[in-house]
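Peer 1: For reference, the chains in residue letters:
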Amino acid sequence: MSAHRTAGQRRALNQVWNGAGIYGYEPLFLSMNADGTLNLYLNTIVGCVRKWYGEEGPSRLFEAWAGDRRQTLLDDLAWLALESAAFQRELPHRPILADLRRAYAADFFDREHTLSRQEWMAKNQLSYTMQSARWKAVLGRRPPVMTPYEKRLSAALELGPLGERELFSAILELFARFRLFDGRSRPPPVLRFHLTGKWAGVMTRLMPTEIVHTDVASVGHGAGVDEESGPRLDTRRAKIRLKENVSSDRKYIESCFGPSLLPERELTAIEQKLCTGIHLGCHLWYTAGVPTPEQAPNGEARRLAQQAQLQQERNRAAFGADSALYQNAIRSLTEQIQNCLQVHSQAEEENARYGRLNSRRVWRAVVLSDQRVFTRRTDSSRPGFTVDLLLDASSSRMHCQEIIAAQGYILAESLARCGVPVRVSGFCSLRGYTILRVLKGFGENSRNIFRYFATGWNRDGLVLQAAGELLDSPPEQKRLLLLLTDASPNDSHRIPPGGKYPFGRDYADAPAVEDAAREVRALRRRGVRVGAVFMGPNLNAPAAETIYGQSLARIRSIDQLASAAGRLIRAEIQELE
Amino acid sequence: MLSFLKEEGVSPELLEGLEWFRRDHPAELPERVPAPQFHYYGREVWEQAVAALLCGKNLLLTGGKATGKNVLAENLAAAFGRPAWNVSFHVNLDASGLVGMDTFADGQVQFRPGPICRCAQHGGFGILDEINMAKNEALAVLHAALDFRRVLDIPGYDRLSMAPATRFIATMNYGYAGTRELNEALASRFVVIQMPTISPENLDRLLERRCPALKKKYRQQFGQLFFDLQKKCEGGEISTKPLDLRGLLDALDLMAAGVPSGPALDMGITNKTSDSYEQGLIRDVMAARIFPRLTRGELFEP
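If you're matching them up, the sequences are chains F and S in order.
Just so you know, we're using the numbering used here here: the first sequence kicks off at 189 and counts up by one.
Just so you know, we're using the numbering used here here: the second sequence kicks off at 2 and counts up by one.
Hints are all accurate, no fakes.
Between beta-carbon pairs, the in silico distance windows are:
1) Lys218/S x Tyr337/F: 36 to 42 Å
2) Asn184/S x Arg714/F: 30 to 36 Å
3) Arg257/F x Lys218/S: 45 to 51 Å
4) Gly572/F x Ser162/S: 40 to 46 Å
5) Glu302/S x Gly348/F: 32 to 38 Å
6) Glu32/S x Pro283/F: 42 to 48 Å
7) Glu32/S x Pro280/F: 47 to 53 Å
8) Gly242/F x Cys56/S: 45 to 51 Å
Read the hints as simulated data drawn from the structure, not as lab findings.
Backbone N, C-alpha and C define an ideal beta-carbon position, used for all residues, glycine too.
Based on the provided sequences and hints, a complete structural model is requested.
Peer 2: This is the structure in structure tokens:
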């Protein structure tokens, strides 16, 4: 799965791809300085290694000592050898490489002055000496003071323009000859720590975490999650919460998510209409946001509000850090949608000085000297449809909240620039309440999407029904509903006994998928076009197809959300014609 | 133009046919016969196109940006010595924009002929640029003009028969977001040439012809720069705006006039996009090919 990349990383990746002349592959290394600037020369060389020596050979080489306690040193030395070989092979085709190499060598020594004591200590002495010798030679300076062993190693690392077959064996033979690596990886001894209390809190922020659903609203910040394994369903904990005090749940939801958007009577009517069958006993909550910490009525709500505010700041900061990349995505998506809208726009007629003669207006030319007695066809730029984007805001999205917020912003802003009314909402379920948070209403500022955060469960069938109610009063007649989903509906509130399930059962797996699919079909019957962007494990792909059918775009990385949704929108625009 | 085609190695039979065509159809409206600034390089495409037009077919040139579709279309009109009408298709183009429309002049309704109508009268070459940008209903008016009937029926006026030398050359770019597929009825009225990307050898020839004083080592690097940008464009990392062969040639003109290489390339290529992130990616490609402070003296032979 391709990981999210910052604007700087993406640019470095482009430098590598440019050197390789091949796009889309994942390079072994990216070269960036500690201050975030890029090494054009080294990235070009990484690309040239791919160009001249393929993908498999270099990755096998680095895998040979992966996990070895001297891995960093071996990586550095191997790159020096590869740099020498790739430089010489590429130079005749790219003469500027010699200038870039000299500039990089000069920069290497310039940066020495800015290194801190810690950075110096972190450097491996042998690796540093070898690099220093290489770059001094490039600049035509005297080599550093070296031991005979180092002198021989430095000379040996100056490989000629070797072919693909000889290169890797030459490097392994060189490492063996200099007693650096004998072909057997020796991992360092493993240390295990068990942390509790504050330390556990700190480490969960820094280290990859596993997401466990509970029925307590909290805004977490996972550093990473294995998408294939997916979040784990812990209904045991949820049930414990459910038995505590059912009557206080509504107060809890209101205090955490803010007041309902709908008046009491209307909300009750909708609940009576929708919370039936397998959703019996469930509740709905339409809201426009989370109270500020000052407005929060109790300690628990205040904590959630503070966490939500922190997440909002994180979302904004993450967007700000890569705004160049995101603005580029907005421009590109706007252009595509705009173009599609123009091509498929509907014709309208207007009075003109030329065109098809309108006999009923001819008198105006004679009597009023009004030359506009013709009609001419022009295209209406009015898109004629609205988009509702529903973002899965359950705990399974906790590890990528900033990226989802940014992608939602890209999509909403692009559509807004094309004049398409767009509303963005997040959905989750908690203590039997299915909550639809309108992050950005029609006509509101797209930056409100940064209020997105993930918590709780997701009861997709009920969300689709609830969204259907919300769709009844959009500004345009044609409606498009897009969901970001992992096609894994699950909720702590069980399906009550009765009908197809005489003993009741968990709202998960096949029954939940069937329920969601049924609701998608119901919406389509009402004339709402429903599409989904699916991001989740392979295991859930058949469920996604069952629920959404053909109107489904699968993405491997959340970075692709906006472009995938854009593709769905373009397809829908063509259908709407 | 004919001497260029001989240099290109176009078959003598086709060149003979071309000369016959020119003899049979004496030049009309000489001010409308294109005098191309650039030549299209590629013998095979030339032979296919000339053969198709000699057979009385209409041509559809398909291909990505910077494959020379319009250059070839203009070159063909020049080679056949025919006046050309270039119509840029767009989403708002309707049938009246092609055939003509009524206007009010001197107190009466009069027909003002459009480019297709004039092309048909004078036996010209109609160059229909980006034909798939227009709506199908606008294109339906061309059906009878493009097939064996070779007539243009102007609603409310006469039926206009095409002059025998009339040909249509359409261009289109498949896959560009938002463009539509050409409908089957229209597509069947053309013979289609899938335009290949300019080869490195032909690009080198183009640069050599355009800038004969440019040193060979730099000429190769400028050529490679174009292909590097093309790959980046195909990889979806940049838009098609900076993939501009004319822009590269303009930049070389600027360098010959004394602008250093970096600013000249910015003016010709980088600044075609206003996106700063995209500009950064383009400048990286340039920096990995051309030193940005190269002067006229370094780039060109004295």
